[in-house]
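Visitor: Letter by letter, the chains look like this.
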Amino acid sequence: MQRQMMKGNEAIAEAAVQAGCRYFFGYPITPQNEIPEYMSLRLPQVDGAFLQAESEVSAINMVYGAAGAGARVMTSSSSPGISLKQEGISYIVGAELPCVIVNIVRGGPGLGSIQPSQSDYYQATRGGGHGDYRMCVYAPATVQEAVELTQKAFDVADKYRNPVMLLGDGVIGQMMEPVSMPEYKMPVLPQKDWAATGWNPNSGRARAVINSLYIDSAELEQHNIKLQKKYDAIAENELLYKTEQLDDADIVIVAYGTTARIALTALRRAREQGVKVGLIRPITLWPFPSEVIAKASSSAKQMLVVEMSMGQMVDDVKLAVQGNCPVQFYGRTGGMIPGVNEIYEQIMHLKEGL
Amino acid sequence: MAVVFDRPKALCDVPLHYCPGCTHGIIHRLVAEAIDELGVQDKTIGVAPVGCAVFAYNYFNCDMYEAAHGRAPAVATGCKRTQKDKVVFTYQGDGDLASIGAAEIVHAATRGELITTIFVNNAIYGMTGGQMAPTTLIGQKSTTSPLGRDVERNGNPIRVSEMLATLDGPALIQRVSVHDVKHIMEAKKAIKKAFEYQIAGKGFTLIEVLSTCPTNWGLSAVESLKWLEENMIPKYPLGVMKEVQ
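Taken in order, these protein sequences are the chains called B and Y.
At position 132 of the first sequence the residue is numbered 132 (my numbering), and the sequence of numbers has no breaks.
If you count the second sequence from 1, you need to add 1000 to reach my numbering.
Please keep in mind that the hints were generated in silico from the structure rather than gathered at the bench.
On a predicted model such as this, the values are computed, not experimentally measured, just so you know.
Please note that a few of the clues may not be correct.
Short, incomplete list of chain B residues facing chain Y, as computed with Cβ under 10 Å [claimed, not checked]: (1) F25; (2) E54; (3) S55; (4) N202; (5) Q273.
DSSO-like mimics (lysine-lysine), calculated; alpha carbons at most 27 Å apart, straight line [to be verified]: (6) Y:K1084 <-> B:K192; (7) B:K192 <-> Y:K1009; (8) Y:K1226 <-> Y:K1043.
The C-beta atom is built at its ideal place from N, Cα and C for all residues, glycine as well.
All chains should be modelled from the sequences, with the hints used to inform the complete structure.
Guide: Shown next as structure tokens:
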């Protein structure tokens, strides 16, 4: 398909439709409204259904209902709305249902702001709901990448019977960029023979029960052990990251999403001044690229983590670095976006101390 | 010898966990009989609530979901919107439906969602041990209204069927009871009609069934049936609240 200018939110919605998503349940919240708006017109054109739910809580439970029936289904929201969905996400994980959840992150806590932020990192990567669980979290840095990761998210969700989150900040959702919509080809995926689609006693399959309740403790423990094996497989197979000029880097920046793009420009400017700077950009926030960060930290003199938060991913970086070298943090928050100059100054400041 | 009484095909052959004297078992049977008589077992999908009926997925012999507390109508909506040819029902108690799930039931009803809700009202939270429900009567004692429900302290109970009957989406809203044989037969007819209306695409259907909780009411099974008749029916009158012909 030819390149066209698309707003991030609309590109994500169209990518989902192209990937076979036929059902969307959502609730309005800024800055993600273009996703439900787009879906409300688009899905009926492809014999799907869009429903504006009465709340985010209802929307995620409608997703539970549709995913349990074996459908490709998506919901989207922004930070406060994602908080409301956390109960449902926990149930979806417990019942092993595939679906895609988009969070176009805005500033918090509370009602916060409607401007871009990365302050939902903990919530996304630690399992914001109750119970032991993990899910694959994709953090696109461009609209094109958002499109590609949205489509991948559906496949990964189906492959592991687990929800997948696309974590874009408000910039990714609102920005227009040139996009080539990829021709989607569905990989070979497991049959959804577990779905609740109506049961004939003579069908040979077991009665479907979409459920996360295991009242017997020993059974629940076994269920959790089974889920953990799945998370281990996701961690093994689904890690994504990109690196820039790591080989000789004295200072290694770790940043994701929009922040990584700004950091890359600062990196190039610093390189022009002869400063040896590298960049690690996690594309999956969970699983996290701990090994590549650990390796980089064994030769780097300083690590610099840049986030649009008060410092959340920096914890994971420190866990990976294991004290190999100092880890500095620079963050803007509340909807404030770090400028190239700010990050450049951080780099030059660290350079002076080398 | 001719078989005159048997387990409905739409009920699994397993012991129910309900307390002695509880009328959930009767209501389960009525739902299962309706499914059998309409011949829709292979396209029926049920949604169990949180509360006493949380294990309903072990009892109804069809594909089932277990939903989060109060969310059964949302789950049923997601299920039905993806497969319009299926018969989808929720089975919910008063805490689940009228308290934590009030938003979900109101909006499923007003949308005219093509699902059937069996709403079991026994005026108390049974599973958690007898706390006050949104339908607990004024003066009724519970573990969180130990001196009896008081309007000033606890607020008023809610009449769900009357409230939902004001909406445009429902095709059938009816309150029934299972405290004696005559009323059980009426309840059966209402439940079957609700499924028929769903299949005919008429709109949202809800049958509120007044039910007992001997354990948490602190009464015997027989006393409970009498208490239901004498105390619940005056507050929650039986009858059709809304019907679209």
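Visitor: Hint by hint, note whether the structure agrees.
Guide: Structure-based check of each hint:
Satisfaction of the interface hint for B:F25 is found here, the shortest Cβ-Cβ separation to chain Y being roughly 6 Å, below the 10 Å cut-off. With 10 Å as the threshold, the beta carbon of B:E54 comes within range of chain Y, its nearest partner Cβ sitting at about 4 Å, so the hint holds. Because the smallest distance between the Cβ of B:S55 and any Cβ of chain Y comes to about 6 Å, under 10 Å, the interface hint for this residue holds. Taken as an interface hint, B:N202 checks out: its beta carbon lies about 9 Å from the nearest beta carbon of chain Y, inside 10 Å.
For B:Q273, the shortest C-beta to C-beta distance to chain Y is roughly 56 Å, which exceeds 10 Å, and the interface hint is violated. With a CA separation close to 19 Å, the supplied pair Y:K1084 and B:K192 stays within the 27 Å bound. Only pairs whose Cα atoms come within 27 Å are accepted, and B:K192 paired with Y:K1009 is accepted, the gap being roughly 26 Å. For the hint linking Y:K1226 to Y:K1043, the alpha-carbon distance of about 38 Å lies beyond 27 Å, and the restraint is violated.
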